[in-house]
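Chemist: Now for the letters of each chain:
There are 2 protein chains.
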Amino acid sequence: MAAVVDAVVDVAQKVEDMILGEDGKPLSKSALKKLEKEKEKEKKKLERDAKLAAEKAARESASPDYSTDRYGNLPVNMSQERTGRIRTKIATLTEKNIGETILLRARVQTSRPTGSKKCFLILRQGTVTAQGVVTVDENTISKQMQKFASSISVESLVLVEAKVVKALQKVTSCTVQDVELQIEKLHVVSAAARLPFTLEDATRPDSEYEKDPNLVRVKLDTRLDNRPIDLRTVTNHAIFRMQHGVCRLFREFLEQNDFVEIHTPKLLGAASEGGANVFKVEYFNEKAFLAQSPQFYKQMMITSDFGKVFEIAPVFRAENSQTHRHMTEYVSLDLEMEFEEHYHEVLDVLDGLFVHIIKGLKERYAHEIEVIKRQLPFDDFEYLEKSLRLTYPEAVKMLRDAGVEFGDFDDLSTEKERILGQLVKEKYHTDFFMLDKFPLAVRPFYTMPDPARPGYSNSYDFFMRGEEILSGAQRVHDPNLLQERAEQNDPPIDPETILPYLDAFKYGAPPHAGGGIGLERVLMLFLNLGNIRRTSLFPRDPHRLGP
Amino acid sequence: MAAVVDAVVDVAQKVEDMILGEDGKPLSKSALKKLEKEKEKEKKKLERDAKLAAEKAARESASPDYSTDRYGNLPVNMSQERTGRIRTKIATLTEKNIGETILLRARVQTSRPTGSKKCFLILRQGTVTAQGVVTVDENTISKQMQKFASSISVESLVLVEAKVVKALQKVTSCTVQDVELQIEKLHVVSAAARLPFTLEDATRPDSEYEKDPNLVRVKLDTRLDNRPIDLRTVTNHAIFRMQHGVCRLFREFLEQNDFVEIHTPKLLGAASEGGANVFKVEYFNEKAFLAQSPQFYKQMMITSDFGKVFEIAPVFRAENSQTHRHMTEYVSLDLEMEFEEHYHEVLDVLDGLFVHIIKGLKERYAHEIEVIKRQLPFDDFEYLEKSLRLTYPEAVKMLRDAGVEFGDFDDLSTEKERILGQLVKEKYHTDFFMLDKFPLAVRPFYTMPDPARPGYSNSYDFFMRGEEILSGAQRVHDPNLLQERAEQNDPPIDPETILPYLDAFKYGAPPHAGGGIGLERVLMLFLNLGNIRRTSLFPRDPHRLGP
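From first to last, the protein sequence lines are chains Y and Z.
Numbering-wise, the UniProt record's numbering puts 457 at position 457 of the first sequence, and it's gapless, one number per residue.
Numbering-wise, the UniProt record's numbering puts 73 at position 73 of the second sequence, and it's gapless, one number per residue.
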């Protein structure tokens, strides 16, 4: 039977290789589809052959199989039994468990037979691994069972009953190193088909490619095309646990500070902010538009006296640009609050919020950071307990002093942002800072001008490693000034299209300020991952709508 | 000047009355617009006249105004000063503050002059109120200042400096009843235009209309058309703080149980689940579709070994039906988890989750519940510490015993759900229960059949006050069975359209189950509000896309 299994593997490999075509280029969609069908047919035929051969081998076998009740494929679990028997988590295994017989479900990360007597399995649960061994003996574990263990495809889910024993030597290939599992029963829960790439290839650090350039690289597009597999890597487990961390720390700080969570609509009757870069939706017999931000709604909540509000929700941008930091859909962490005297009251809250998030990530996710660094090394994120605040003119001066040409009211390009980030890092030793007092002309119409500094406004951006991660401002809360600013916008905004927004300020609005934070950007920059698609589970850009 | 002010009010009233037209019907949009312009013009003219008259009056006044630095309109706050002077929150005022001079910003809820010597203001911050009094004296508070106080339009924001004094008698019209504020300075921060309805009318309980049918009623549509004003009522403040509460309790329980928060895309490349009721989006030169649920994605996360995941995000349904419980966009609280043996492991978690939410709302939001009951009385929500679980056949029997005709495999109609809810309430004294083992034919194709009970499935709905608030199931995790179920669906689902989803299960998927909860429904039913639009900040239905 082993020969048949090998044949299956061989053919699958051949089919897999063909996907690239003979010229090394990927095949067309229809060709791939055809290939897929052939592959499937081939696979079924081989499976039939394997089954027949196995039956024949069993009939003819000289040694009777005394382990048949100890291994095999389980039927699909349809919840027909609930014994309540305790299952062990690999993460909890220590020398204290030696001598115990445990039951656990895990993935087979690798299966390695040595001779005809043993088979070593690396068993994985999420990001933790332990070594299991099937050892043939005279009356419990048969040769057939060892062969079965050897034939389990990688990434299959298995149910294992095993005795915990002391490892003869440290199992350096696993996270559990002091004990290993003497497997007594081994059943496949869900078998895995051959993967489009191995998790080993998907988890390898760049440094290893420098040593051996023949190792297989898995490109980002291949990963994203097969995202559910790519997401199994320990690196991605760590990244997306930290994404949860950012949201959790954001909420934690704001809830402690009496902010109210809101949920505002994503389907809008009118395209706000001038109508550029807005996705159109067929809404029964009308047109609707997807929200580019919850801006107008969170401000309306301020006019409704909710005082301090936040929202975590997707926003949509129909920008046809393919960059490392833009997506057509991303998660925005938004907040807005009224203030008493000066928008710097809000800036103080935002300062505290960011220190809380950065500190929280470093302290609570130290393990995840270590895991990510193993594959994707990065310099630790530097920050100050009280964040650096620069004014726009100060930043312009820093740039000019460094030889960069820059007009007083120029907007910051991506390139200049990065240079500024470097200058700040050298001088102040921080990867995070706030830039206040942007030129009025480069900000949205609802930004409050600064009458004391003509041409500037009460608005700010925050930066992490030289890239913008928050944009915010004091907003115009006076209805007449707001309408005037809309009409003066370039291109002018017809007040009719934003009437419900303008109307909200007619009934007495408090001064307020806020900001919007790109969730995926914060994480990308904290971890210095270089591409926003790495911090989005299923990223969307002009060329990607799936999976 | 008082005469001029009165004239302004009169004309405004007249213009307001005209909006209804002479036949009592609302005017057309263009007529309204024209009217708006005339109104604006009229208002400006009157303002000019008022100013001139005031200047004249001041010049001719027999009594010089010795309070000019104590009252007036403040310029628009553009953050030009930050004194850091402490502002007081009305909610903190007690007898301990007597004798203190405090500064605070608040809305003028009512302004009531008595004679020419006094003016009483009810000052509001969010949901709390205190009484302020302007009293004319010989050298600090002038008659002019008293007149100014009387002329402030309701809902304007004012900055008040005042001495806290003991109230001569309990101020029963305010939440702060033992002290009142002797106003020493009074400035308008943001003046309010005339409101489309008063907050008093918007906050009145039904019982008062029974006593006096002439009182003005504010219809739901009028409220929603003017939502930022409607949201200022104490009732709405309480409702939406509780909405935050539901999300907070949901997350709190799941985070304690090691769930990971995820964010899945709302823009999809293919319409899933057969393609009915899906909104289409123009996506550059392609079509995209808005997600009806994160179903497929949260399941993919399970195949990626995240184990337990949750998401709070909007979902979109293009259902052209106008009911009390459907919206085209709502917030879904979704969760999915793998299990070891039986999907009832997941049902146990969901049970704990709901008890946590219901109990948490009752305990932590007792004040909000009281506030809401004042306007919209309801029976306290009854629940059991260990929730009631019925099977579908048990529910069918209860219905039949009560004389309802019902086939074994019929789906529950809204009407029958409600009857079942009443029967359960009478028998078990709970407004919350779980209904397990739905007929397979009425569930989505990815629902796991129950082989022990042909025709039934491993799926469940939860009910609050006889309405469904969660739908969930064990999902099919075997790729062959899943494809088979898709093809057998009515109408059949082409596997090609859900290929990334089907593919995700090829690489070894654990058995798993989950559910999706409608946020607005949970709150609507807990508070027995009768219409889901009351628990959505800016509801969307086939006829409403704004504000």
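Careful: at least some of the hints might be erroneous.
[Unchecked claim] Cut-off 30 angstroms, straight-line C-alpha distance, at most; resulting in silico cross-link-like pairs (DSS-like, lysine-lysine): (1) Y/Lys-89 / Z/Lys-308; (2) Z/Lys-287 / Y/Lys-219; (3) Y/Lys-219 / Z/Lys-308; (4) Z/Lys-308 / Y/Lys-163; (5) Z/Lys-308 / Y/Lys-96; (6) Y/Lys-308 / Z/Lys-89; (7) Y/Lys-185 / Z/Lys-308; (8) Y/Lys-308 / Z/Lys-280; (9) Y/Lys-287 / Z/Lys-37; (10) Y/Lys-280 / Z/Lys-308; (11) Y/Lys-280 / Z/Lys-362; (12) Y/Lys-308 / Z/Lys-37; (13) Z/Lys-287 / Y/Lys-308; (14) Y/Lys-280 / Z/Lys-33; (15) Z/Lys-287 / Y/Lys-37; (16) Y/Lys-386 / Z/Lys-89; (17) Z/Lys-33 / Y/Lys-287; (18) Y/Lys-287 / Z/Lys-219; (19) Z/Lys-280 / Y/Lys-373.
These aren't lab readings, by the way, just hints derived from the structure by calculation.
Here the structure is a predicted model, which means the values were calculated and not measured.
Chemist: Each hint needs a verdict: does it hold in this structure or not?
Modeler: Hints, verified against the model:
no., hint, in the structure
1, Y/Lys-89 / Z/Lys-308, "holds (14 angstroms)"
2, Z/Lys-287 / Y/Lys-219, "holds (27 angstroms)"
3, Y/Lys-219 / Z/Lys-308, "holds (28 angstroms)"
4, Z/Lys-308 / Y/Lys-163, "holds (28 angstroms)"
5, Z/Lys-308 / Y/Lys-96, "holds (28 angstroms)"
6, Y/Lys-308 / Z/Lys-89, "holds (14 angstroms)"
7, Y/Lys-185 / Z/Lys-308, "holds (27 angstroms)"
8, Y/Lys-308 / Z/Lys-280, "violated (34 angstroms)"
9, Y/Lys-287 / Z/Lys-37, "holds (28 angstroms)"
10, Y/Lys-280 / Z/Lys-308, "violated (34 angstroms)"
11, Y/Lys-280 / Z/Lys-362, "violated (42 angstroms)"
12, Y/Lys-308 / Z/Lys-37, "violated (34 angstroms)"
13, Z/Lys-287 / Y/Lys-308, "violated (38 angstroms)"
14, Y/Lys-280 / Z/Lys-33, "holds (27 angstroms)"
15, Z/Lys-287 / Y/Lys-37, "holds (27 angstroms)"
16, Y/Lys-386 / Z/Lys-89, "holds (27 angstroms)"
17, Z/Lys-33 / Y/Lys-287, "holds (23 angstroms)"
18, Y/Lys-287 / Z/Lys-219, "holds (27 angstroms)"
19, Z/Lys-280 / Y/Lys-373, "violated (41 angstroms)"
In summary, the numbered hints that this structure violates are 8, 10, 11, 12, 13, 19.
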